[in-house]
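*Asks:* Each chain, letter by letter, is given below.
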Amino acid sequence: MSEAAGHALQIRGLTKRYGDFTAVDSVSLDIERGEFLTLLGPSGSGKTTILMAVAGFVLPNEGSILLDGNDITALPPERRNFGMVFQGYALFPHMSVAENVAFPLRVRGLSRAARDEKVRAALDLVQLSSFAERLPRQLSGGQQQRVALARALVFDPALLLLDEPLSALDKKLRAELQEELKSLHRRVGRTFINVTHDQEEALSLSDRIAILNHGRLIQHGPAAFLYENPRTRFVADFLGKSNFIQANITRREDHHVILRVGDTELRQYAMAIPGNTETVLLSLRPERIRLLKPGEGAENEVEAHIRSWSYLGSGFSIVAGLAGIGDIRVNAPANHAHEALRDGAPIRLGWDADAAKPVQEDT
Amino acid sequence: MRRASFGWWLLILPAFLLLLGFYVAPIVKVLLISFTDPEPGLQNYERLFTSASVQRVILTTLRICLITTALALLLGYALAYAITKASPQAKRWWLLAVLVPLWISVLVRAFAWVTLLRRQGLVNNTLMEIGIIQEPLQLVWNELGIIIGMVHYMVPFAVLPMLASMQEIDPRLLAAARGLGASRREVFLRVFLPLSKPGVIAAAVLVFIFSLGFYITPAILGGGKTLMVAEWISLQILDLIRWGLGTMMATMLVLTILVTLAIFSRLVNLKRVFGMGG
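So the protein sequences, as listed, match chains A and B.
Heads up: the first sequence at position 179 corresponds to 179 in our numbering, and the numbers run straight through without jumps.
Just add 1000 to the spot in the second sequence (first one is 1) and you have our numbering.
Rather than coming from a laboratory, the hints here were simulated on the basis of the structure.
For clarity, every value in this text was computed on a predicted model and none was experimentally measured.
There could be a bad hint or two in this list.
Claimed, not checked - Which stretches of chain A does chain B cover? Using the computed rule of at least three CB atoms under 8 Å from a CB of chain B, they are:
| no. | stretch |
| --- | --- |
| 1 | 6-17 |
| 2 | 67-78 |
| 3 | 81-88 |
| 4 | 103-109 |
Using N, Cα and C, we set each Cβ at its ideal position, and we do this for glycine too.
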């Protein structure tokens, strides 16, 4: 409910090596009170290792973890008071739903009466009160996930850690539980740290996303900011889909640079393009490209032909071939006259000067 | 479906008939002697209630078997736990160490224990040299000797079912318990121990049943002074030629084993314990 309920976490220069393999490479990240932060990355990116270090299951080789300014790097997991939802939920199969939720209270030595009251409140929170006496295996995947959440929240933890909480569920249920998780976060007002490889989940859930690759923190920021302003090719490619255009700078005007790719000339806002470079890598989102009607103009106009297209219900996904640039993916809204969409048909594509973003090549 | 499964039954019919004709039938025939020898009637079974020596043998056997089971479970649990937590490489060596004794003849092992435990044996000599004891301890040719030998024999049988059960426990459950605030001790008591219970029960039943009919180990390490059921039966039949009494005790032994199994099958899924899946 209140901001004060959350706790702030600082990760400082965290490094974890397994033999020659560096799982996490000096990652520093501040997580604010009450924030919903997602660690996003492909498998092997080190996101789970970071979460496990925060939880206390992994002792880092270097760096430290601070909770509200106190170093907790070497504190054993049971003394951190963090709630955790494990991948696959890790519900105790020999205990009923109520006993599972009561477990953290029981090991903290709460009286039976106090336990019962908190368990009831926690099960109410996830709308599972009528399932209290069931065993975990008698519940659906979504219900198990909610029991795991209730169990992780029942003891008023300083942080809630979620390890791929929705990955075991089917797509529709996942969307439902995303909503629920978001509303739960608003209601309990605690700091949530989520780990996922699913970029859609990350975008829809999080206040802030930290993107990791090969153990390094590549970029972090609010979801919309990251999507619109990817710093590197990896971020642009991993968070949503993107086209990449390698272009040469031919001249600079007031606020624009004029770029050349093959025979095509492009106009691009000069912002974020360093003054001393001669080439630039642009990331261009498929939904920022328009199919131009006859006579319609745009700041950037290119001639292309349709290589393939598919109908998605909400729109069309078109792969267009551009002379000198290569293939480009375009998302067109469904209201477009699709009788014009034939393989090999010529089309004109257009985008604004601020549609593409300069990104760095991955190091 | 019905016809297909009938076909499968036909396949095992020869083995079934062989077992019935050459194993079950002779046993039943021998056990039936308890009702006919020396004369028809239940007088052999009367001895269960009237004869102090019969009762003493039964009580001794039960006591030794219960103690053996308890000790084998305790040692076996610790071993199985250590093996579960060991690295995959260490695990192989541990398993080998557990299994090797099984390949050594029970006779050899019993005599080896005698050598170790007798009055001038290695154990007594060492203890006296160190000066811990003045007089040799009576370690063998009594109940203690029998229990030492039997526990040694039974530990692998206790380890294997418990190990199977422990390896099925998801390590994430243990991590989850710690993450939720449980100390290592509480994780063990509230999560690991309850989840390993099926293995413990299976091991208990296996060891107990196995112990009931033990013959060679108690015969050698008991030195004829402490009699267990199997040795007593052999004594009745081979030395005293009292077939009726001997087969009565054999019948009781078979019954006890069947009853134990029946109770056990109510507690846990037998098929799973003996590795048949399902």
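*Asks:* Does each hint hold? Answer for all of them.
*Replies:* Hints and how they fare:
1. 6-17: violated (count 0)
2. 67-78: Satisfied; 3 residues make the cut.
3. 81-88: holds (count 7)
4. 103-109: Satisfied; 5 residues make the cut.
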